[in-house]
Amino acid sequence: MEPERLGPLLDRHADALTLYARQWCESAEDVVQESFLKLASQRHSPDDPAAWLFTVVRRAAINAGVAARRRRRHESARVARSPAWFGEPLQRDAIDPEAAAGELQGLPIEQREVIVARLWGGLTFEQVAAVSGCSISTAHRHYQSGLTALRERLGVTCPSVRSRPTPS
Amino acid sequence: MSERQIPSDPELTEIETALGALAPSKSRIDRDRLMFVAGKASSRSASQWAWPSIAAALMAVATGEGVALVSRPEPRVVERLVIVREPETAELAPVTILSQEPEPVPRPGLTRRWFDPDAVLKPTRDFDPRFTASAPPESSGSLLRTEIAKLLHPGDSS
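Residue numbers (my numbering), protein chains in the order written: chain A, 1 to 168; chain B, 1 to 158.
These are calculated hints, taken from the structure and not from any lab test.
It is possible that some hints are incorrect.
Unchecked claim - Cβ pair distances, simulated, as ranges:
#1 A:S137 to B:I54: 48 to 54 Å
#2 A:R5 to B:E14: 32 to 38 Å
#3 B:W51 to A:P8: 53 to 59 Å
What the hints assert, rightly or not - Footprint (simulated), chain A over chain B, 3 or more residues, beta carbon under 8 Å:
#4 30-43
#5 71-82
In this text, a Cβ means the ideal position worked out from N, Cα and C, and glycines have one as well.
The shape of chain B in the complex, shown without the other chains:
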C-alpha cells in the first residue's frame, strides 16, 4: 500500500488542518554550537580510522612474523649421495724427465781447486791431542806449557 492508495477521510481533514496549524514549540537547541560540534564530528569521522588501521595492519604483520619465526621448523640436514662421473680422458703416456747439468762457467782469474778436507784437517789433528784417541788427556796447564815451548824452540821435538 503506497501513499497514493490511501484514501483521505474528509471527516478527518478538519482536525488534520486544525492540528497542522499548530507549530511545535521552538527547539532550545543551540544551532551554532551544534553546527560547530557536528563539523568537528564529521572531520573526526573521516580521519579517525586512518592511523588505527595502519597500526592494526602493522601489528598484524608483526604478529604474523613472530608466529612464523616461532613455529618455523629446524633446518633439516639432508644427506644425499651424489655420484660425480669424471669425464673420460685419453690414457697419458709416461713422461720421461731428462735432466742435464749445465757446464760450469769458469770465472776469469780463478782456477779450479779440489778441496781436500784431510789435508786441511791434518795439521789440526797433529796439533790437537784430542784427535788422537790413544793419548791421554792433558791438563790445560801442561798443554799451555807445551805450546809455549814449541814457540820458543821450534826445532826441538818434545
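If we strip away everything but chain A, and leave its shape as in the complex, we get:
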C-alpha cells in the first residue's frame, strides 16, 4: 500500500486500534504499529483497510496477550502500569474515563471487543462480525448486552461525574 493512503488510515484509526488491542494485551502500540507495517508491505491493498486492520490487530493482540501472560508467570512484579484507556473527556458531565475503563474491563471479551470496535472504531456491524468471526446478529447481541451491563453499572441517568475543582 502506498504511504499516501496509509497516513489518513493512521490518523483515523490509530487511537481506536490501540484501545481495541488493549482488550487483549498491554503492548498495544507495538501491535498496532506492526499491523500498519504489515499493511504497508501488502502488494495489493485490502478492499476494506479498516476492517483488515482491526482483524490483524485483534489476532496480533491475542497472540501478544498469550505471550505476555506466559512471560508474566516468571516475573515477580509488573514493571509498568498499563496506560489509561481513555483521555480527558471533552464534556464536563461526561462519564468518568477511569470508571468507564474499569467497567469495560469487567465485561466478557466477546462483548467488550464488539463495543470497542463499534463505538470507538466506527465499524459497522458487518465489519465487526467479520473481524470477530461471528454472525452479525451475534455481534449485535453482544453489543446490546454489553451496553446494558455498562448502563447498569455506570448509571447513565446519574453518571459518575469526575470530581474536579471548580474554578473560583
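With the hints as your guide, set chain B onto chain A.
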C-alpha cells in the same frame, strides 16, 4: 441481517452517546517514524521478489539441464541395411586404344649412330683380366708392372 435491519434500542442510546463522548487516549505511536518505516517496507515489498524469482528460475533451468544431462540415454548405434540401386546404363562397347609412336625428329648437325655395347666393352675385356674367367687372378703388384711395361714398350707382346 444487515446494518439497516438492526433496530436501534432507544434505552441504549444514552449510554451509547455517553460512552461515545469518551475519546481513546492518544496512541504513543511515533507517526513520523512509522511512516518512514512503512515507506521502506512498501518499497521493499515491491522489489523483494524480483531477484529471488530470477535466481529461482535460473536455478530451476540449471537443475533441469543437469537432470536431463545425467539421465540422457547413451547414443544408440542403429545398423540398417540400405540397398542402393545403381541407375541402369547402356552397355558400353569395348574401347580399342591405338598408339602410334611419333617419328623421331633428327636434330640438325647430329647423325644417328647405333650404340654397340660389345664394341665399347671389348677393349676393357681385353685389358682387364678379371673379365677372362680362365686367367688366374694376379696380384696388384704384378698387374701394375705389366701395365708399366706395356706403356714403355708398346710393341712387345708379353
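Comparing the hints with the structure gives:
At about 51 Å, the beta-carbon gap between S137 of chain A and I54 of chain B stays in the expected band of 48 to 54 Å. Hint check: R5 of chain A to E14 of chain B, Cβ distance near 37 Å, so the stated range 32 to 38 Å holds. Between W51 of chain B and P8 of chain A the beta carbons are some 33 Å apart, a value that contradicts the proposed interval 53 to 59 Å. With 8 residues bearing a CB less than 8 Å from a CB of chain A, the stretch 30-43 of chain B meets the requirement of three and the coverage assertion stands.
Counting residues of the stretch 71-82 of chain B whose beta carbon lies closer than 8 Å to any beta carbon of chain A gives 0, which falls below the threshold of three, so the coverage claim is violated.
The structure fails to meet hints 3 and 5 from the earlier list, while all remaining hints are met.
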